[in-house]
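So the sequence lines, in the order shown, correspond to chains X and Z.
Using this note's numbering, the letters of the first sequence correspond one by one to residues 14 to 352.
Using this note's numbering, the letters of the second sequence correspond one by one to residues 14 to 352.
Just so you know, the hints here were simulated from the structure itself, not pulled from any lab data.
Among these hints, one or two may not hold up.
[As the list claims (entries may be wrong)] Straight-line distance between alpha carbons at most 35 angstroms, and here's what the computed DSBU-like set of lysine-lysine pairs gives:
#1 Z/Lys211 to X/Lys340
#2 Z/Lys328 to X/Lys100
#3 Z/Lys303 to Z/Lys180
#4 X/Lys340 to Z/Lys141
#5 Z/Lys266 to X/Lys303
#6 Z/Lys211 to Z/Lys232
#7 X/Lys307 to Z/Lys307
#8 Z/Lys211 to X/Lys232
#9 X/Lys266 to Z/Lys211
#10 X/Lys328 to Z/Lys303
#11 X/Lys19 to X/Lys340
#12 X/Lys328 to Z/Lys211
#13 Z/Lys232 to X/Lys307
There are 2 protein chains.
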Amino acid sequence: MGRRVKMVAFGVGAIGSMVVRHALERSYWVELVGAVDSDPAKVGRDVGDVVGLRKEVGLTVSATLDEALEGREADLVVHTTSSFLEKVTPELERAAEHGLDVVSSCEQLSFPYYTNPTLAERLDLLAKREGVTILGTGINPGFAMDVLPAVLTAPCLNVRAINVTRKMDASNRRVPFRRKLGVGMNVEEFREAVRSGKITGHVGLGESISLLASALSWKLEEVRVGEAQPVISLGKARDLRTAVEAGRVAGVKQTAVGVVEGRQAISHTFLAYVGAREEYDLVEVDGLPKVISKISPCVHGDFGTVAMLLNMAPKVLASPPGLLTMKDMVLPSAFLPSL
Amino acid sequence: MGRRVKMVAFGVGAIGSMVVRHALERSYWVELVGAVDSDPAKVGRDVGDVVGLRKEVGLTVSATLDEALEGREADLVVHTTSSFLEKVTPELERAAEHGLDVVSSCEQLSFPYYTNPTLAERLDLLAKREGVTILGTGINPGFAMDVLPAVLTAPCLNVRAINVTRKMDASNRRVPFRRKLGVGMNVEEFREAVRSGKITGHVGLGESISLLASALSWKLEEVRVGEAQPVISLGKARDLRTAVEAGRVAGVKQTAVGVVEGRQAISHTFLAYVGAREEYDLVEVDGLPKVISKISPCVHGDFGTVAMLLNMAPKVLASPPGLLTMKDMVLPSAFLPSL
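Please construct the entire structure, taking both the sequences and the accompanying hints into account.
Next up, the structure:
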């Protein structure tokens, strides 16, 4: 990398703000040249102020990418606006039309050929035509339940089944994250929130299973993603600040399976609730040899997602054009060039 | 992959024989078109016989690659003759001159820019001129102490240090492997065997540290690889077949460190001895966030190496020309195409 990467932060919410703060600490390889957010309360303010720094950075938040790029050159968009492919597609298209590579935390973009093959192919064609690379990544999907399990099969001669469990204690997480899990609701409120779409559960299980199967060249016959189920509080949380009354919802359990050659070859379990006693990322590869891997505590979600975005950025810039997924990328790793 | 990959097994020792047996089970994507070994006791015999199958496969072992390729086309060499770069270089060069991609278990080839930069650059130039890809991989180096730790840093915003430990119970391993560890020697015999080079310890610690640092774009100031140290038997092995008298050598302990910006940023510990109570691959990333990963039992060495060779083969065929290392490759994973 001869010169610094000119980066636009598209989205300065919780994750986007962390991206900006950590990008500013990496001024030896990245230069923040723009910030975009649709929230009128953020537009026009200095980015430093919006992302919670105590200093101005001399760059204001724009309402659109077009405005952010007026009179400026850029290389890369770090995109963090939404989990949903349909919602982000026009934003990704605009970035591609500006000739910018994109690394995005959009969960459904991690394997959009599962979510919406038509949109995925349209984005891939556009990216190739414009000569840009588009990648969806993050901690999950993007690492814990797809990339890491795929890598753990590399030393296997055969694989019969892969079971992946991510278990998180929601006590340690952001308030909006707990709210998305329905923490504190009663069971009826929870079920109603699931029905109305207010609680979506974890977005990305289907994408993770599809990405993992694709990495192994397994042909998936079916992906079954279960509804978010309530985990009921026993009223025993150690942390009074986040304690949940017994009988109310402490968080979410969600499972998904992938069927290959008639059998449940991939099983994913996602658990996030207040008071979970041990946090871990467990991968069990039932193969030759067996590979059983446990990361304990589980990799921190917010740090992990921001790190995946920033660490994959230089690899995205060096990749061939197209809509890529993590299985197409060179070996993921931290990017921490010595000064 | 439209047609089957035509593979030559260069080396049919312990690992090469496993490669052949598993390649023959993968006839839906790989076709064995040749086998080479320098051992006169193997040359001229049917490959099936040499690799311990109960059936002939209609292909005889050749003494040289040139002979194996007479009148035959091939795509790829799976190379398993030696741990040492100088020894394998003429063999790799011959494969490149035949226009064949190479995936090799040669430990020093996993990061030859550490071992011998001059030879590495010569091989890289030749590979590019001939339009072929050369890769060194295996379980270790190639996975447990370099690729996996690198991947585990991907969700980290910062990394202060990486500690990697691989601990193996030598009771479960091949006799030649135990012999290489000096199992059963007295301490004086062991020290003499280390001095004379009869016991080399684990080959690859320096390569693993260099590969890992390179993946993170860390500039290594120094790599210190310690001598193999004897682990002394307490006479308590559970397995009488492999038990070692108390006071004699049960196996090897070896450590290595990589220095970055004046500090020991990478520390590797390799332990292989009869009676080790727990086998594991432990990676501790002291970073933001911390990532502590344990695979228990450790990934089996022989299965792992053969799997890495066969699983990386299609990725090598799809890679750009040159002498590559695992950090340049697309995401490693099992390659198990659905039929």
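Q) Looking back at the hints listed earlier, which ones does the structure fail to meet? A) 1, 8, 9 and 12
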